[in-house]
Amino acid sequence: MDIVARYKEEVEAARRIIAGGRFAVVVHSGTAHADDTIAAALLYKAGAEAIYRLGQLEELLEVAKSGRPVIYADIGYRHYGELKRYNVAVLDHHAPNGEPEYVKLPSSLMQTVEALRLTPRPRISVLFTAADLVDRFGAMAAKRWLGLYGASLNQGLSAYFGMTIRGRHEDVKFLELVAEAATSDFDVEDFAEYSKAYAISTSIDIDPERYPRTLAQLVLMRRAARGDVISVVLSQDAYKVGFGIDFTTHAILAVPQLSQYVAKGLSKYFEENIRAVRIVERGQYALVEGAVKAIAVDDNVPPTALWNALLDLSIIREEEPVIIAVRDLRNPGAYSLWRPDRHKDRIDFRELTGDRVVFRHQSGFMAVVKAESAEDAVKYALERL
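Numbering (our numbering), first residue to last: 46 to 430.
Everything labelled a hint here was simulated from the structure, so no lab data went into it. C-beta: ideal position from N, C-alpha, C; glycine also. Be careful, since some hints might not be right.
Stated by the list, open to error - What follows is a set of in silico ranges between Cβ atoms, one per label pair, in the way DEER data are often shown:
hint: 1; residue 1: E54; residue 2: L102; range: 49 to 57 Å
hint: 2; residue 1: L427; residue 2: R61; range: 44 to 52 Å
hint: 3; residue 1: E365; residue 2: L279; range: 25 to 33 Å
hint: 4; residue 1: E107; residue 2: R362; range: 43 to 51 Å
hint: 5; residue 1: L102; residue 2: R51; range: 38 to 46 Å
hint: 6; residue 1: E365; residue 2: P145; range: 22 to 30 Å
hint: 7; residue 1: P145; residue 2: Q302; range: 36 to 44 Å
hint: 8; residue 1: S276; residue 2: R189; range: 15 to 23 Å
hint: 9; residue 1: E221; residue 2: L332; range: 46 to 54 Å
hint: 10; residue 1: P145; residue 2: L332; range: 26 to 34 Å
hint: 11; residue 1: G212; residue 2: R61; range: 22 to 30 Å
From just these sequences and the hints, can you work out the full model?
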């Protein structure tokens, strides 16, 4: 199948659905990201009657069977055949089985922009591109290309949207404000103005200096809030975590009402980071030795935060290749496997095979496998990588 031709056909299908009106939108459940959050907001502004966060095939099909046309964004091509039996469009870039050629496809956000025939203003265009690259290749890899730009306050925006873990997203005011910011003609005269956006980090009642790796994003936000934004976003610390000016940094200056939502989202995001620290402090993980070291946690917690907590507490060394396994929210009875970007030459989950593999990301940094436990998941992976 010509995957580029297919994505273009789906963009056209989405245009027809939007033109017809009275449609629904479905994005993935579990952890939300900036690309699906902004895409959902833009599609709501374009006339979607409902926005859903769902993951299982039966849930996805239930919406399709309701009689309304549906646009599926960022849910993966795994169920493409079943979904296309109905009046739907699928805007996505995730390979069904980890095929590497899918990296050439733009993210669901950029496909949504194309479907809507939007022509974002220059700064918004750059910020959308940043969100696109971060989603496709990871924050640290994208930061090497993006310079001043990266991922920071977007964490709060997507965490707020992700508070709807599964089902219909009811806070349409939030979606309206995100869409307003995305289509605003607001711009900054000087990058120092973005310090006002990062001032939102002072509302987070956590001391980030105690865990400088786990809470590195918060440390950098507070430095940027003091005014010297450019030196912060171009620092070595920023490149280590992918920190930079992003859509939300711009959006809460363009639409100040968004601040309250992003503040709630940031609180949730950093609470999850602290939860990762507590799990490590309490020893609530299994260490599995193999060709590479693996850490298994039978809970859903951000794997990046776990890795950083392990570093902060000197459990592992940064140069050690490691696999982190955590419970997967999207797929019951499954676990997410993740590895740090710096160890991509040693660990490539595209090589993981077997009938228990649910998903492999086409960039190779993560996979999802069915397993009885996180420890079972990493043992399964270590036997096959």
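Going down the list of hints, with the structure as the test:
no., hint, verdict
1, E54 to L102: 49 to 57 Å, "violated (22 Å)"
2, L427 to R61: 44 to 52 Å, "holds (47 Å)"
3, E365 to L279: 25 to 33 Å, "holds (28 Å)"
4, E107 to R362: 43 to 51 Å, "holds (47 Å)"
5, L102 to R51: 38 to 46 Å, "violated (20 Å)"
6, E365 to P145: 22 to 30 Å, "holds (26 Å)"
7, P145 to Q302: 36 to 44 Å, "holds (42 Å)"
8, S276 to R189: 15 to 23 Å, "holds (18 Å)"
9, E221 to L332: 46 to 54 Å, "holds (47 Å)"
10, P145 to L332: 26 to 34 Å, "holds (31 Å)"
11, G212 to R61: 22 to 30 Å, "holds (27 Å)"
Hint check: violations occur at hints 1 and 5; the rest are consistent with the structure.
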